[in-house]
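Based on the sequences and whatever the hints tell you, model everything.
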Amino acid sequence: MPRADGSADGRPVLQVGATGHLGGLVVQELLSRGKRVRALVRPGSDASRLPSAVEVVRGDLLEPASLRSAVAGVSSVVTTAIGYSQRREGDSLRTDREGNRNLVDAAKDAGVPRFVLLSILACDQARDVPHFWAKKETEDHLARQGVPFVALRPGAFLYAPEGGFGQRVRQGLEAGQVFGMTPAGIRITYIAPREVARAIAMAVDEPRAVGERIDLGSDRPLSGPEYAEVIGTLLGRPVQLAPMQGGRGGVNDDMAAMFRFFQTGKYVADTRRQAELFGPVPKVEEAARQMLAGLGLLDRH
4 MPRADGSADG
14 RPVLQVGATG
24 HLGGLVVQEL
34 LSRGKRVRAL
44 VRPGSDASRL
54 PSAVEVVRGD
64 LLEPASLRSA
74 VAGVSSVVTT
84 AIGYSQRREG
94 DSLRTDREGN
104 RNLVDAAKDA
114 GVPRFVLLSI
124 LACDQARDVP
134 HFWAKKETED
144 HLARQGVPFV
154 ALRPGAFLYA
164 PEGGFGQRVR
174 QGLEAGQVFG
184 MTPAGIRITY
194 IAPREVARAI
204 AMAVDEPRAV
214 GERIDLGSDR
224 PLSGPEYAEV
234 IGTLLGRPVQ
244 LAPMQGGRGG
254 VNDDMAAMFR
264 FFQTGKYVAD
274 TRRQAELFGP
284 VPKVEEAARQ
294 MLAGLGLLDR
304 H
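Under my numbering, residues 4 to 304 are what the sequence shown spells out, in order.
Calculated from the structure, these hints are not laboratory results. The C-beta atom is built at its ideal place from N, Cα and C for all residues, glycine as well. Treat the hints with care, since some could be wrong.
[Said to hold, decoys possible] Derived DEER-like restraints, expressed as beta-carbon distance ranges:
#1 A50 x G13: 21 to 27 Å
#2 P46 x D257: 22 to 28 Å
#3 R223 x R52: 18 to 24 Å
#4 E140 x F160: 18 to 24 Å
#5 G188 x G167: 29 to 35 Å
This is the structure in structure tokens:
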């Protein structure tokens with residue numbers, strides 16, 4: 004008998020990357036849908052901010068043996084884990100390549116009914132962007148291994164970043180400047196992390212999504228000047244476009260390759276399937292509003 008939440012039984016969903024910003028939003032979405040949630044958390048990572056209802060298991064994507072107990076008895080695996088952002092000392096693309104392969108293989112061995120992968124928009128067209136291509140390779144590995152999967156490919160996140168970079172973004176906006184990633188005439192897709200989390204949680208049960216690689220975005224892509232105009236309209240004052248200077252410590256080679264790829268005009272989502280599976284595609288203004296609210300520059304309501 005199906006449960007009210009649409010799943011066939013009460014087995015937990017394994018969330019990998021639950022202590023990250025997006026992963027935390029996914030946990031909230033899953034719990035709000037009545038799901039049991041199990042979180043794979045690396046040794047040494049702080050799991051104290053996870054809701055008390057979440058079952059925490061310790062393990063590491065780079066240690067295959069530690070994944071067996073994590074995937075045992077789950078209804079699905081969801082992963083938002085990344086290493087390329089180097090959020091923690093020692094993080095690297097090994098997580099995005101070797102780690103994801105290990106997780107796929109563990110899911111296959113355990114007979115997990117569904118695997119929901121956070122991928123990246125246009126990753127299959129970006130061989131020269133290491134972290135994009137790592138997602139494409141994981142999608143292909145899922146297909147080769149015969150694991151029932153859904154690959155969700157969101158555009159660029161509009162969110163309130165933490166730490167020093169977040170402070171720089173806020174200071175720039177307070178000074179009337181916003182970081183842009185493309186010039187006039189070249190548009191890319193933006194999306195709010197909360198919308199991505201909602202789609203991920205829905206994909207756990209959506210039968211039509213299995214085996215698909217689905218773009219996620221907002222109602223329209225924006226060029227840099229258009230993005231600045233959206234931000235300025237929400238703030239009620241003019242905002243000038245400033246060149247993107249990268250994250251912590253500047254732009255590394257991976258991020259520089261990503262910015263070059265943006266200039267091709269290929270980083271634009273086809274949101275038709277998103278609308279069919281997950282409901283109306285939100286306006287890009289809503290994503291920008293959520294970012295500004297997270298930075299304390301707009302009322303959250």
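A quick look at each hint next to the structure:
1. Taken as a hint, the range 21 to 27 Å holds for the pair A50 and G13, whose Cβ atoms sit roughly 22 Å apart.
2. At roughly 26 Å, the beta carbons of P46 and D257 sit within the given window of 22 to 28 Å.
3. Taking the beta carbon of each, R223 and R52 are about 34 Å apart, not inside 18 to 24 Å as hinted.
4. The hint said 18 to 24 Å for the Cβ distance between E140 and F160, and at roughly 21 Å that hint holds.
5. Restraint check, G188 to G167: a C-beta distance of roughly 32 Å satisfies the suggested window 29 to 35 Å.
Checked against the numbered hints listed earlier, the structure breaks hint 3 alone; every other hint is satisfied.
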